[in-house]
Amino acid sequence: MPLEEILPSCEDLEYRIEKIELKKTIEKLLKELTPRQRMVISLRYYEDLTYKDIALTLDQPIGTVKTDLYRARNALKEYLSGEMEV
Numbered sequence: 005m006p007l008e009e010i011l012p013s014c015e016d017l018e019y020r021i022e023k024i025e026l027k028k029t030i031e032k033l034l035k036e037l038t039p040r041q042r043m044v045i046s047l048r049y050y051e052d053l054t055y056k057d058i059a060l061t062l063d064q065p066i067g068t069v070k071t072d073l074y075r076a077r078n079a080l081k082e083y084l085s086g087e088m089e090v
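Residue numbers (the working numbering): 5 to 90.
Hints are not guaranteed to be accurate.
The calculated BS3-like cross-link candidates involving lysine-lysine, where the alpha carbons are at most 25 Å apart (straight line), are [what the hints assert, rightly or not]:
| id | residue 1 | residue 2 |
| --- | --- | --- |
| 1 | K27 | K81 |
| 2 | K23 | K56 |
| 3 | K81 | K23 |
| 4 | K35 | K70 |
| 5 | K35 | K81 |
| 6 | K23 | K35 |
| 7 | K32 | K81 |
| 8 | K70 | K81 |
| 9 | K56 | K70 |
| 10 | K70 | K32 |
Derived Cβ-Cβ restraints for the label pairs, each shown as a range [unchecked claim]:
| id | residue 1 | residue 2 | range |
| --- | --- | --- | --- |
| 11 | K70 | L17 | 35 to 43 Å |
| 12 | L34 | K56 | 22 to 30 Å |
| 13 | S85 | K27 | 13 to 21 Å |
| 14 | Y55 | E15 | 32 to 40 Å |
| 15 | Y74 | K23 | 21 to 29 Å |
| 16 | K23 | I66 | 19 to 27 Å |
| 17 | G86 | M43 | 19 to 27 Å |
Treat the hints as calculated values from the structure; they're not laboratory data.
For every residue, glycine included, the Cβ atom is placed at its ideal position computed from N, Cα and C.
When you get a sec, could you build the whole thing from the sequences and use the hints?
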């Protein structure tokens, strides 16, 4: 079997490395959020819950959930832009 078939291509390897680095960056950024912000981000994007379902889960008004998500996403954007500058 040729070596090229055994080893991943450079593009595959680069993609895997970038994916690992992105995952580490996201985990680091999530730690910068408040526990409440982490919870709504997790429920929305990892558990794929609707705003209504998040509100029911957290026993909060939908408006509060939307505000928490908005603030969490903005915080992540700020942290991410800071990470990119480094």
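| Outcome for the supplied range 13 to 21 Å, where the beta carbon pair is S85 and K27 | holds (19 Å)
| message | For a C-alpha distance cap of 25 Å, please report whether K27 and K81 respect it. | response | holds (15 Å)
| said: Hint check: K35 vs K81, CA-CA at most 25 Å. Holds or violated? | reply: holds (14 Å)
| Beta-carbon spacing of Y74 to K23 - inside the hinted bounds 21 to 29 Å or not | At roughly 27 Å between Cβ atoms, K23 and Y74 fall inside 21 to 29 Å, so the hint holds.
| message | Next pair to validate is K81 with K23; report whether the Cα-Cα distance is within 25 Å. | response | holds (18 Å)
| field | Range hint 19 to 27 Å (beta carbons of K23 and I66) holds or violated | value | violated (34 Å)
| Straight-line alpha-carbon gap K70 to K32, limit 25 Å | Roughly 23 Å separates the two Cα atoms, so the pair holds.
| task | Compare the distance between the alpha carbons of K56 and K70 with 25 Å, and conclude whether the hinted pair is satisfied. | result | holds (10 Å)
| message | Is 22 to 30 Å respected by the C-beta to C-beta distance linking L34 and K56? | response | holds (23 Å)
| query | Taking 32 to 40 Å as the hint, is the beta-carbon distance of Y55 and E15 inside that range? | reply | holds (39 Å)
| K35 paired with K70 [C-alpha distance capped at 25 Å] | With a Cα-Cα distance of about 20 Å, the restraint between K35 and K70 holds, given a limit of 25 Å.
| request: Verify the proposed pairing of K32 with K81, using a straight-line Cα cut of 25 Å. | output: The hint holds at about 13 Å.
The structure fails hints 2 and 16 (numbered hints given earlier, in ascending order).
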